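Single-letter residue listing:
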Amino acid sequence: MPDNHISDSALGRIVNEIEETAIALILGLMTIITFINVVLRYGFNTGIIWGLEATTFLFAWLVLFGVSYAVKVTANLGVDALIGIFSKPVQRVLALIAAAVFIAYSCLVLKGAWDYWANFANLPQTTGRWFPTGLEEMKRTSYRGWYEVVDIPMPEWLRWLEPLMNEGEEYEKIPRFIPYFILPFGMALLLFRVLQASWRILTGRAESLIVSHEAEDAVEGVAHMNRES
Amino acid sequence: MEVVLLFGTIIGLMLIGVPIAVSLGFASIMFLLVLSETSLAAIAQSLFQAMAGHYTLLAIPFFVLASSFMSTGGVARRIIRFSIALVGHFPGGLAIAGVFACMLFAALSGSSPATVVAIGSIVIAGMRQVGYTKDFAAGVIANAGTLGILIPPSIVMVVYASATDVSVGRMFLAGVIPGLMAGGMLMTTIYLIARFRNLPRGEWKGWGEVLESGTEAGWGLFLIVIILGGIYGGIFTPTEAAAVAAVYAFFIASFVYRDMGPLARPEGERNLSLLQKPIALITVFFHRDTRDTLFEAGKLTVTLMFIIANALILKHVLTDEQIPQQIAAVMLNAGFGAVMFLVIVNVILLIGGQFMEPSGLIVIVAPLVFPIAIELGIDPIHLGIIMVVNMEIGMITPPVGLNLFVTSGVAGMPMMRVVRASLPFLAVLFVFLIMVTYIPVLSTWLPTTFMGPEIITK
Numbered sequence: 000m001p002d003n004h005i006s007d008s009a010l011g012r013i014v015n016e017i018e019e020t021a022i023a024l025i026l027g028l029m030t031i032i033t034f035i036n037v038v039l040r041y042g043f044n045t046g047i048i049w050g051l052e053a054t055t056f057l058f059a060w061l062v063l064f065g066v067s068y069a070v071k072v073t074a075n076l077g078v079d080a081l082i083g084i085f086s087k088p089v090q091r092v093l094a095l096i097a098a099a100v101f102i103a104y105s106c107l108v109l110k111g112a113w114d115y116w117a118n119f120a121n122l123p124q125t126t127g128r129w130f131p132t133g134l135e136e137m138k139r140t141s142y143r144g145w146y147e148v149v150d151i152p153m154p155e156w157l158r159w160l161e162p163l164m165n166e167g168e169e170y171e172k173i174p175r176f177i178p179y180f181i182l183p184f185g186m187a188l189l190l191f192r193v194l195q196a197s198w199r200i201l202t203g204r205a206e207s208l209i210v211s212h213e214a215e216d217a218v219e220g221v222a223h224m225n226r227e228s
Numbered sequence: 000m001e002v003v004l005l006f007g008t009i010i011g012l013m014l015i016g017v018p019i020a021v022s023l024g025f026a027s028i029m030f031l032l033v034l035s036e037t038s039l040a041a042i043a044q045s046l047f048q049a050m051a052g053h054y055t056l057l058a059i060p061f062f063v064l065a066s067s068f069m070s071t072g073g074v075a076r077r078i079i080r081f082s083i084a085l086v087g088h089f090p091g092g093l094a095i096a097g098v099f100a101c102m103l104f105a106a107l108s109g110s111s112p113a114t115v116v117a118i119g120s121i122v123i124a125g126m127r128q129v130g131y132t133k134d135f136a137a138g139v140i141a142n143a144g145t146l147g148i149l150i151p152p153s154i155v156m157v158v159y160a161s162a163t164d165v166s167v168g169r170m171f172l173a174g175v176i177p178g179l180m181a182g183g184m185l186m187t188t189i190y191l192i193a194r195f196r197n198l199p200r201g202e203w204k205g206w207g208e209v210l211e212s213g214t215e216a217g218w219g220l221f222l223i224v225i226i227l228g229g230i231y232g233g234i235f236t237p238t239e240a241a242a243v244a245a246v247y248a249f250f251i252a253s254f255v256y257r258d259m260g261p262l263a264r265p266e267g268e269r270n271l272s273l274l275q276k277p278i279a280l281i282t283v284f285f286h287r288d289t290r291d292t293l294f295e296a297g298k299l300t301v302t303l304m305f306i307i308a309n310a311l312i313l314k315h316v317l318t319d320e321q322i323p324q325q326i327a328a329v330m331l332n333a334g335f336g337a338v339m340f341l342v343i344v345n346v347i348l349l350i351g352g353q354f355m356e357p358s359g360l361i362v363i364v365a366p367l368v369f370p371i372a373i374e375l376g377i378d379p380i381h382l383g384i385i386m387v388v389n390m391e392i393g394m395i396t397p398p399v400g401l402n403l404f405v406t407s408g409v410a411g412m413p414m415m416r417v418v419r420a421s422l423p424f425l426a427v428l429f430v431f432l433i434m435v436t437y438i439p440v441l442s443t444w445l446p447t448t449f450m451g452p453e454i455i456t457k
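As you go down the protein sequences, you meet chains A and B in turn.
Numbering-wise, numbering that gives the first Met the number 0 puts 99 at position 100 of the first sequence, and it's gapless, one number per residue.
Numbering-wise, numbering that gives the first Met the number 0 puts 457 at position 458 of the second sequence, and it's gapless, one number per residue.
Chain A on its own, in the form it takes in the complex (with noise of 0.2 Å):
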């Protein structure tokens, strides 16, 4: 039975509308740009030169966006046929352990994303090999927030970054800083999202962090027409 733990609150729904559509949107972006793109070069002989590299960084802000809301509707894929056996007792023990795996993980993924981003950010990566210990010293090679993506040009609106990050300097095309942004907001997020979800499971309103397959809700939806009467 999937977990549906959307708040009831305002706010709650507010956000949770604001995630979804989000969701939709970078993948309806995704595919009108690709389709528009292969209209373009058979109808127009021409191209969105910067169409590709643009759905790819769409592609990776779905996915990494898209996981803190996977974690909290419970949409994981997991494998539910062993703790199925074990008495309930056993299982939430199992699924506390499980949740304690699962927040390992977020952290370190976090550490990692933000050294990546940081890099290309003007900002110190954090020191330390399994734990940030610490943030380094800024030298004058730390500062890459020069570094530009390949193809998507910079927009106008963006300008006011290059005395912030460029010492002024135009950017051609937008920096790098841009797209890599999703890594620490997107694994911050889930880390988040995990923390509730342990929370959930310690105070016993959710069994377990997975589902078995992605078709549940429509089996549910579907089991009255065959139901033995």
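Because the hints were derived from the structure by calculation, they are not lab data.
Remember, it's a predicted structure, so these values are computed and weren't measured experimentally.
Check each hint, because a few of them may be wrong.
[As the list claims (entries may be wrong)] Across the chosen pairs, the derived CB separations fall in these ranges:
| no. | chain 1 | residue 1 | chain 2 | residue 2 | range |
| --- | --- | --- | --- | --- | --- |
| 1 | A | L157 | B | L273 | 33 to 41 Å |
| 2 | B | M450 | A | L134 | 27 to 35 Å |
| 3 | B | T282 | A | T132 | 49 to 57 Å |
| 4 | B | I10 | A | S8 | 33 to 41 Å |
Beta carbons are placed, not taken as given, at the ideal position from N, Cα and C, and that holds for glycine.
Let chain A serve as the given structure and place chain B on it in line with the hints.
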């Protein structure tokens, strides 16, 4: 030794209920941090590059989206009507039509559980009405539903192609003959059982009905023509074909079938035509149904890709540590040949396929067995089809096959009854698996004929 520890950790984590993606990612990260110089930043980068750097995988969201638009109840009903019109008058006709409908729907949706849900819910009820036992109906659908990942276009094949750098187009073509064969074998079995047990047959409603229901269903089925025709005609890359298919499916669902979108009306009322509401051409893009379908497809993409992205970190570990090469050396030294190797692959995948979602399983197993297979001289396309068929059967192998669960939910039957009901057909699929495994030409003939002999690069 390390490889046992690595896979032991992954499997252990999965079994206690850690999400598949996290099991893969966590175990791999531990491994990389302890045994190699890789930093966490590099791991984060490879998570990002899993999406941004793999053009082939970009086909997945588009295929998922196309199938979401096509998975509305209306499309399933039209396909079933067409199938019944075509084959319903044979002995056991409705069951045969059920298999046929599963094959067609599988091609559109590319997902086995989704096929069982959409076709099964309608066909099982229909079969009981005309006098089949529920067990027979459930057995047929549970098995036929697995065809979803074999008949192209198939998401699992895209994943395999991406994990091993073979061509998606070739994989799709390679699935055609085995897919038709599996469907054919199931239908023949039903036909024989029907003759033997005198199962009900429907009436032949004439070519008029075939034509009419065919045109209705044809709008949806044309999607397959766009995808396969587009790829083999050299018009699109598979990724573009998937995007075009998604846009096509969107227009068909909103303006031709009108099951969703601004022209849809509640059940029982006549849908509006575009002439009555021309503004729909604009509003359709902002309609709630459109947003919801995009969102559902996005959510499914996220869960699949999260697994794949983490499995790519694992692939990184495997390549770094040269693990497949080590295993290959051990196997060659022990005197194992291609036949023995394929048996081992069969067994691993049959077991794995019981527990796990197929595309996740394939990203884990493919990088491990692929280099070994190449070493042993097995055709990569053939290996891909073997893996797909294996997982297909894993999904209905007791005790815990995924499709058995879905069918038991859809049919409202206890698990054990579904298992028993599906056993005869499972036996047929096993024969099919053995044929596919040891007769490579079944998989390789079509792609070689149409796309020329392939170049294997090690």
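Status of each hint after checking the structure:
{"no.": "1", "hint": "L157(A) with L273(B): 33 to 41 Å", "in the structure": "holds, 40 Å"}
{"no.": "2", "hint": "M450(B) with L134(A): 27 to 35 Å", "in the structure": "violated, 54 Å"}
{"no.": "3", "hint": "T282(B) with T132(A): 49 to 57 Å", "in the structure": "holds, 55 Å"}
{"no.": "4", "hint": "I10(B) with S8(A): 33 to 41 Å", "in the structure": "holds, 40 Å"}
Comparing the model with each numbered hint stated earlier shows that hint 2 is the single one that does not hold.
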